[in-house]
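Please model the entire structure based on the sequences and the hints provided.
These are the residues of each chain, in order.
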Amino acid sequence: MSSNNQQLVEKQKVVVVGNGMVGHHFVEQLAQLRTANPAIEITVLSAESRLAYDRVHLSEYFSGKTAADLAMTDEKTYQEWGVKFQTDAKVIYIDRANKQIVTKNDEVIEYDKLILATGSYPFVPPIPGKDRDHCLVYRTIDDLDDIQASAKVSKVGVVIGGGLLGLEAANALTALGLKTHVVEFAPQLMGVQIDAGGGRLLKEKIEALGVQVHTSKATRIIEDGDECRYKLCFSDDTVLETDLILFSAGIRPYDNLAKSFGLEMGERGGIVINNQCQTSDENIYAIGECALWNNFIFGLVAPGYNMAKVAAKHIMGEQASFTGADMSTKLKLMGVEVGSIGDAHAKTTGALTYTYENQPEGIYKKIVVSSDKTKMLGAVLIGDTSEYDSLLQYMLNAIDLPASPEALILPSSGEKPTLGVDALPDNAIICSCHNVTKGDIISSIDQGACTLGDVKTCTKASTGCGGCTALLKNVADKEFSSRGVEVKKDICEHFAYSRREIFDIVNVEKIKTFDELLASHGKGHGCEVCKPLTASILASVWNDYILKKPHLSLQDTNDTYLGNMQKDGTYSVVPRVAGGEITPDKLIALGQVAKKYKLYTKITGGQRVDLFGARVEELPPIWQELIDAGFETGHAYGKSLRTVKSCVGSIWCRFGVQDSVAMAIALENRYKGLRAPHKIKFGVSGCTRECAEAQSKDIGIIATEKGWNLYVCGNGGMKPRHGDLFAIDIDDETLVNYIDCILMFYVRTGDRLQRTSVWMDNMEGGLAYLQSVIIEDSLKLTDYLQAQMAAIIGTYQCEWKTTLSDPEALKRFKPFVNSSKPDSNIIFVQERDQIRPATTDEKIAQRSQTVKITNAGKIAEEA
Amino acid sequence: MSEQTISAKNKHWLTICQTSDLIKDSGICALIEQEFEEKQVAIFHLPNTEKQVYAVGNYDPIGQANVLYRGIVGSVGDDIVVSSPLYKQHFCLTTGKCLQEDKYIEVFPARIIDDYVQLFV
Chain A
1 MSSNNQQLVE
11 KQKVVVVGNG
21 MVGHHFVEQL
31 AQLRTANPAI
41 EITVLSAESR
51 LAYDRVHLSE
61 YFSGKTAADL
71 AMTDEKTYQE
81 WGVKFQTDAK
91 VIYIDRANKQ
101 IVTKNDEVIE
111 YDKLILATGS
121 YPFVPPIPGK
131 DRDHCLVYRT
141 IDDLDDIQAS
151 AKVSKVGVVI
161 GGGLLGLEAA
171 NALTALGLKT
181 HVVEFAPQLM
191 GVQIDAGGGR
201 LLKEKIEALG
211 VQVHTSKATR
221 IIEDGDECRY
231 KLCFSDDTVL
241 ETDLILFSAG
251 IRPYDNLAKS
261 FGLEMGERGG
271 IVINNQCQTS
281 DENIYAIGEC
291 ALWNNFIFGL
301 VAPGYNMAKV
311 AAKHIMGEQA
321 SFTGADMSTK
331 LKLMGVEVGS
341 IGDAHAKTTG
351 ALTYTYENQP
361 EGIYKKIVVS
371 SDKTKMLGAV
381 LIGDTSEYDS
391 LLQYMLNAID
401 LPASPEALIL
411 PSSGEKPTLG
421 VDALPDNAII
431 CSCHNVTKGD
441 IISSIDQGAC
451 TLGDVKTCTK
461 ASTGCGGCTA
471 LLKNVADKEF
481 SSRGVEVKKD
491 ICEHFAYSRR
501 EIFDIVNVEK
511 IKTFDELLAS
521 HGKGHGCEVC
531 KPLTASILAS
541 VWNDYILKKP
551 HLSLQDTNDT
561 YLGNMQKDGT
571 YSVVPRVAGG
581 EITPDKLIAL
591 GQVAKKYKLY
601 TKITGGQRVD
611 LFGARVEELP
621 PIWQELIDAG
631 FETGHAYGKS
641 LRTVKSCVGS
651 IWCRFGVQDS
661 VAMAIALENR
671 YKGLRAPHKI
681 KFGVSGCTRE
691 CAEAQSKDIG
701 IIATEKGWNL
711 YVCGNGGMKP
721 RHGDLFAIDI
731 DDETLVNYID
741 CILMFYVRTG
751 DRLQRTSVWM
761 DNMEGGLAYL
771 QSVIIEDSLK
781 LTDYLQAQMA
791 AIIGTYQCEW
801 KTTLSDPEAL
811 KRFKPFVNSS
821 KPDSNIIFVQ
831 ERDQIRPATT
841 DEKIAQRSQT
851 VKITNAGKIA
861 EEA
Chain B
1001 MSEQTISAKN
1011 KHWLTICQTS
1021 DLIKDSGICA
1031 LIEQEFEEKQ
1041 VAIFHLPNTE
1051 KQVYAVGNYD
1061 PIGQANVLYR
1071 GIVGSVGDDI
1081 VVSSPLYKQH
1091 FCLTTGKCLQ
1101 EDKYIEVFPA
1111 RIIDDYVQLF
1121 V
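Protein sequence lines correspond, in order, to chains A and B.
The opening residue of the first sequence carries number 1 in the numbering used here; numbering runs sequentially from there.
The opening residue of the second sequence carries number 1001 in the numbering used here; numbering runs sequentially from there.
Just so you know, the hints here were simulated from the structure itself, not pulled from any lab data.
It is possible that some hints are incorrect.
Lysine-lysine pairs mimicking DSS-like chemistry, simulated, CA-CA at most 30 Å apart [as the list claims (entries may be wrong)]:
id	chain 1	residue 1	chain 2	residue 2
1	B	1039	A	567
2	B	1103	A	821
3	A	523	B	1051
4	B	1039	A	843
5	B	1039	A	598
6	A	567	B	1024
7	A	512	B	1024
8	B	1097	A	567
9	A	65	A	332
10	B	1051	A	811
11	A	512	B	1088
12	A	801	A	814
13	B	1024	A	548
14	A	811	B	1088
15	A	512	B	1051
16	A	821	B	1097
17	A	814	B	1088
18	B	1088	A	679
19	A	811	B	1024
20	A	814	B	1011
21	A	821	B	1024
22	A	523	B	1097
23	B	1024	A	549
24	B	1088	A	548
25	A	814	B	1103
26	A	549	B	1051
27	A	843	B	1088
28	A	549	B	1039
29	A	523	B	1088
30	A	567	A	814
31	B	1024	A	523
32	B	1088	A	821
33	A	548	B	1051
34	A	814	B	1024
Quick look at the structure:
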């Protein structure tokens, strides 16, 4: 790029019209790309009252999700990205000559590059009566609110349109308790994606679920009903009574803005774009459902995301082009699995089909192959989509078919030919939501990803619809094993078991010491991996004092000395300050101890005080004074509960809705000392402002008007992860019950040094699985988990208090077995009025000075 | 171990402590004060191995601190090792060799005589 161009780029004002999923994705892409060039100014204008939300999962709004759950961004995120935004700011005028737009609020905004991401609107057929009350559409959260309100005063609902969205909408009406009908003009359901045979079976299955399907019906007029509010009169003179009418007869591009201001349009609508997503005005781009590429409108989110990426790159001067998209889809409609791949209708010249139908079990499968039977062209799957991934890969990558292609869809009577991931080329798309190829996955592993969770985090693969989970695992596992990363989970050379297996062995065989475990299940002398791991499991299962003789040699130095070893071999001291609440007297006591022992003092991120620079021999007297002042150990050294961070909550704060401090203190005291695969942090916020940053914690709790929302498996640190919303508006007791079970389940099943975030990322079934285990008790495990937690809570002891009363344990805190001198290599210097460890050069300088003074005579003699 | 060759250099067996001061499968530290220098020696007690006691320099040449006696002991293959508590490298207790980097620590002959622990220094 020339320097001239660079300057132009630096001054660019990029204005995005529309904040749907695609518009938001564009903002995200551009915000990431411009990190190298922060002078780009991004402005987003949304006609809706809220910022971008997930329309793909809209129907979940009726099964308990809130608008906040569906949100894809919020004001804070945009502020952090430095993105300007306005809601309720519909654009009404484009002045292309002066590069300006005008919003409905008469605000004039200048642009250098304008992005139209206006999306689409539901098509409502011109049926007389269509504008009456309770005749609704299904597109936005506001629409859903209208539907919900109307359903309250209705008994029967009709969806007009039997396509993909229509069936989604029918599902929503059923969820709202309405007797539901679907009316379709064509002779079958989902005519775009599936063939007549599949449509017939789909209809049967949906009717079996209690939804009446009426195909080949054209609605002539909507009249007053006899028993219900309205009556649909069809062209064949039949009628259908209903209280609520939902139109879902396809979408139309929201292109009137472009049309009014002279951009080139398609014959039947849509803003014409080139491969760089530019419209006929090179400074105006169009992306998503409003854009017409190659005379085609893409009504799926994945191609929209792709366009967003291309447009963002093009604006930044990078090479990128949009070259179409595969419209294959796999989804679950009202519990019925449906898959459609490529040329589902066998329209390609010479195409041949194989069909398998199992009416009793409700399964229909068809593949469409080329005339020479060597390539996959398309497929339809109803009732069972387990072959979707491999069929799709055959088609996308033009992989040669096996000799009898029908074997790909026949039930496994014999050997089913499996598509090895080796057969996939590097450019094979594994995750179509985020456009991740096999090559992307391999390069993420090249760059250091060493678990499936890492790969997901780096590439985003499988974090969209999740349809590619199994395939992703195959590709990653194959790659791991080909580079000698063993996928087996042996913890070390001494034990051929995973942490979870060892946990079960200890539990079932009632093993109480490492030596017993090594003798019965291991070999060699153990190591720094299996010893602390066993110590942690013994502590979780039996909760003995960790410095009890048989366990002493198993502990990491931090656990042995009940402090955190620093680089110079000294330790830090962190007493527990539950919930971050501390009295002035205790604060003074802390200060006095720090002053007396000349410790470097710092406030931690977990709302407590860390005292650094204590030598081993100083630890017992320091802790004696702290315990006398009412403190107890903070377990900052352990793989265990660290802190429960809290905001000040409803007691003081004007905005708080629950007493977050009291809850934080109660939780910290409940779980203190619990040993786990890794450290655990909590946060409790007293309102949705989230001042305690609870969503970045392993267990995050946010107060609501009605109780608490529980988030799980968040993480700050190296790979930040927002917690997943686990339960909504629960009371104190339920909250504690859930946390008991989640923590014990983690303690039981987590891998060594696996934080909850990675544990969740690697959990098959993810959040939904964890919810089923804990909330629905699907494994019949919660009684056991609660009993185990109760036992641990019941046997809590302050490890420092126990240590101080045990002369045997105190022996370890002597620096030398044969001398009471201190370690002469620990040297401090002053900085900002406190101590810090001396550097190597400072040590040398200081030592030679000491030698000069004390041994002056001797040195002179030698010289 | 060829004690004679070493004893030729004015070294001798020095009694450090009693066996009851040792900690099973773990380490303690001794301070050896000689004329011009102090030496810290980490002494490990592994009763399930042939040699029973092992003594090596306490200074971790990688972490540059006197900490090795606070490491976890165990085995890597056939080597009896201590893992540094700072950065977890393994040092072989019989050869002093670091298994991960090209570094060595000093090794001292050690023995148990009549409930006393002795080092050859």
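Checklist entry - Among the hints numbered above, which are violated by the structure, and what are their numbers in rising order? => result none
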